[in-house]
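Peer 1: Need the complex rebuilt from these two chains, each delivered in its own frame; the hints are there to steer you.
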Amino acid sequence: MRFSLLSVARQGLAGNEGWPEQWRSPEPKAAYDAIVVGAGGHGLGAAYYMAREHGLRNVAVLDKGWLGGGNTGRNTTIIRSNYLWEESEAIYEHAMKLWEGLAEELNYNVMYSARGVMMLAHNTHDVQSFQRHVAANQLAGIDNEWLTPQEAKAFCPILNIEKTIRYPIVGAALQRRGGTARHDAVAWGYARGADRLGVDIIQNCEVKGIRRDASGAVAGVETTKGFIATKKLGVVAAGNTSVVMGMAGVRMPLESYPLQALVSEPVKPIMPCVVMSNTIHAYMSQSDKGEMVIGAGTDAYTSYSQTGGLHIANHTLDAICELFPVVRRLRMLRNWGGIVDVTPDRSPIIGKTPVPGLFVNCGWGTGGFKATPGSAHVFAHTVATGEPHPIAAPSISIASAPGG
Amino acid sequence: MLLIPCPWCEAERPELEFRYGGEAHVARAADPASVDDAQWAQFLFFRTNPRGLHAERWRHVAGCGRFFNCLRDTVSDRIVATYKAGEPRPDAGALATGGAS
Ligand SMILES: Cc1cc2nc3c(=O)[nH]c(=O)nc-3n(C[C@H](O)[C@H](O)[C@H](O)COP(=O)(O)OP(=O)(O)OC[C@H]3O[C@@H](n4cnc5c(N)ncnc54)[C@H](O)[C@@H]3O)c2cc1C
Ligand SMILES: [Zn+2]
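Protein chains in written order, with the numbering used here: chain A, 114 to 517; chain B, -9 to 91.
Simulated from the structure, these hints should not be mistaken for laboratory data. For glycine and all other residues, C-beta sits at the position ideal for the given N, C-alpha and C. Keep in mind that a hint or two might mislead.
Said to hold, decoys possible - Just some of the chain A residues that point at chain B, by a computed CB distance under 7 Å:
| id | residue |
| --- | --- |
| 1 | H238 |
| 2 | S369 |
| 3 | Y414 |
| 4 | H424 |
| 5 | C434 |
Bound-form chain B, shown alone (with noise of 0.2 Å):
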């Protein structure tokens, strides 16, 4: 089970408080109408689906109910960082050279 901290309440919580959501950062387009079948499509069913780090939505169901983001390397299950809904991405490049806090 994993040990996520909540960038709302600060604080480490079981992963059985929490509900994922799929990968962060998926734009729906502004203007839906302009949008055709395949780039629906890109929007609907294709993910990055990484090897390495991944930017994940998670929302904290069972604690503060509110929605944030997370960079988790998927080959250790680590988190690496999580991060406020509408924060932008941090630089994996950045906190790999910060030192693992």
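Chain A on its own, in the form it takes in the complex (with noise of 0.2 Å):
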């Protein structure tokens, strides 16, 4: 059923018990075109628009626990484009661009909210760095501009601008259209599209293995609820995907950290924007309910454990509390932590693998869930053609760089 205004109102005079379920939830199939393993953002994303766009349907997205249970439901939902290469211009911006339709393509409300960020500068390197984002991304025609300490406090009127502060605030690069977005409607908006669209989305159904045929090419997966064939299989695991690579015989360059946020008790609207300081790691912005959301830095040390020390994220709310003297008071209510796939580059990767059948998207750390649409878009092109899209293909700069 559509969201539309008449159905809102009908289903809401009759008390709302008439919603249909969301999506199925089906046993799997013997086969299957292909497969995605993972159920996040990225994964069902990946499936939706393989549907869409490339006329896949038989597809089913597996994953062990529940579909967003991964970093997609647990991360601080910051989205911004302004990143520094023409590569992750590239990506980030298709990302940005698909955010903006998104609630429409999906008939779904993604609560995509563009506010903006703001990236807090605290010494001469932040400013450099800083400005030098603000040039390359208007070169590019993505928005970014430079902001005094004044103006960064007439932005976020709770922001402490004193110099007196261990790491005063000397500047901020502020990008308008970024924002956030609901995480978990992400993902149940990208999982009923794809349902809708034939695909069979399998939940509580872990990949344990990686079957070849004799060519060594990918003949399908086994699982908790058997053997299903396929010959494109698409891993989409986030922190384990070293684990679910390595069923192949796939070794990746990616480490496994705890990364880890929280939330204080619901307030009112207070902030008005999505405040970032990479330089001290705090991350705050207000969620709809009026909690104050928290993103805190990553452990020293590779972690599958979905815990963090508790030193990080006290280390957070002392810069936390330091940058918004008015929240010193507020009691958290919830701490969580969720497994970030870290590259050395801390840039993602989408592509093929040595393995015929076998693709992979994963590398999004810290940072990808800003990318979900257009990591899942991209995602799905390289699937469907076996070939990776032009966004993430190999960049013509490296490949004709002397030396390799």
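Peer 2: This is the structure we're talking about:
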């Protein structure tokens, strides 16, 4: 059933008891044309675009837990596209453009809110680096502007710009189109959209092995619900990518680290935008429920535990209390962790692998929520056509550089 | 926060006293000139990243200042053993049957 003013009014009058299930819960078929491992936003979105843009309808998405239960449902939902390198600008801006129309595309309110993302500079290095970003972004047609501390405070009145604090704010880079979206709604919207196009979403189905035929190509996956055949396998398993790719004997340049977030008790609206400081590891925005949503840094060591050390969250709260003295007496309601897959250069990987039929989308690390629609769209192309999308193709500048 | 037994100090200390040093036993080629790009890439960028026992380097920066290695379960974060740099990786099977101490 589509969401419209009429359907909402009609269901409302009937006590909201007539809404159908948003997606089916089918048992796996014996075989699919393509299988996606991981029902996070990136995996569900990839299946959606495979069905919608590439006519692949006999597709399954498998998840060992519930859909959206990985990093998609655990992140602080910061969306922006003001990255430095052309390759990054291309994928994140592709995503940004898709965010702008996503609710309409999916007929699902993903609550994308372009409330502005402000990145704080605390020292000379930050100033130089952010101003370089601003210049590079403007050349690429991506909005990003430099603010003085006073302008930053005008944009976010609860910001402390005193010069006497430990890490004073000396300026900020602002992307006005940046903002937030409702993470669960992104997963649910893609799940519903994919399901309606015939994609089977199979939860509580862990992939335990990848079977290959005599030529070495993918033949299917061993799962907790039995063997499922496929010739195209897309792995989108975030923090568990190394483990899943290892099932096909492929080693990945990834390490998995815990990353934490926490939310406060809800309060009236006090913060109109997103503020982030990479330098002192503090990220904050206010959810529509009124909770202050706070992101911390990663732990020092690799782990799959989905929890992080208390000292990491504490360190972030020290910074938050200094930047926003008004929140000092708020109580924190919940604290959790996700496992992020980090590449050596912190750039994602979307592409083919040495194993025919095996594709991978990973390495989004601490910042892949913002990329969800773009990553999903590009990966759908990669799996469906067997070749990289131009945005994810090995870049010409690298390929033609002297010495490879 | 981890409680880490430093094998040099022979004492458990909070993680804050230590600096993590990445996967252990990743040996640099003895003759770097003979190594091709693919092998360099393996050395520089590829790590085991296991879901389970991980051998890793730590340095007791705010203590004795020395490097050592640690076997930790990356699912429970439980430390199974720590041992001095240069010593071989302990046999996890033997440690397990030796009982938790
Ligand atoms: C605390 C925190 C804060 C963050 N903040 C931000 C932010 O503000 N902005 C931003 O852009 N990004 C942020 N990120 C990063 C972002 O969450 C991720 O990059 C992004 O959500 C990854 O999406 P995904 O769909 O690839 O992964 P996931 O949502 O993690 O999906 C992967 C799925 O694979 C499944 N899976 C794994 N192994 C198997 C298996 N063997 N069989 C079957 N299924 C399997 C998992 O169950 C999981 O559901 C944050 C991350 C965390 C943890
Ligand atoms: Zn010591």
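Peer 1: Hints first: check each against the structure and report whether it holds.
Peer 2: Tested hints:
Of the supplied interface hints, the one on H238(A) is violated, with its beta-carbon coming no nearer than about 22 Å to a beta-carbon of chain B, more than 7 Å. For S369(A), the interface hint holds, since its Cβ comes within 7 Å of a Cβ in chain B; the closest pair sits about 6 Å apart. The restraint placing Y414(A) at the interface with chain B holds, with a minimum CB-CB distance near 5 Å, inside the 7 Å limit. Interface restraint check for H424(A): the shortest CB-CB distance to chain B comes to about 5 Å, inside 7 Å, so the restraint holds.
Annotation: C434(A) was flagged as interfacial toward chain B, and the flag is violated, the nearest CB pair being 20 Å apart, outside 7 Å.
Violated hints, listed in ascending order, are 1, 5; each of the other numbered hints is respected by the structure.
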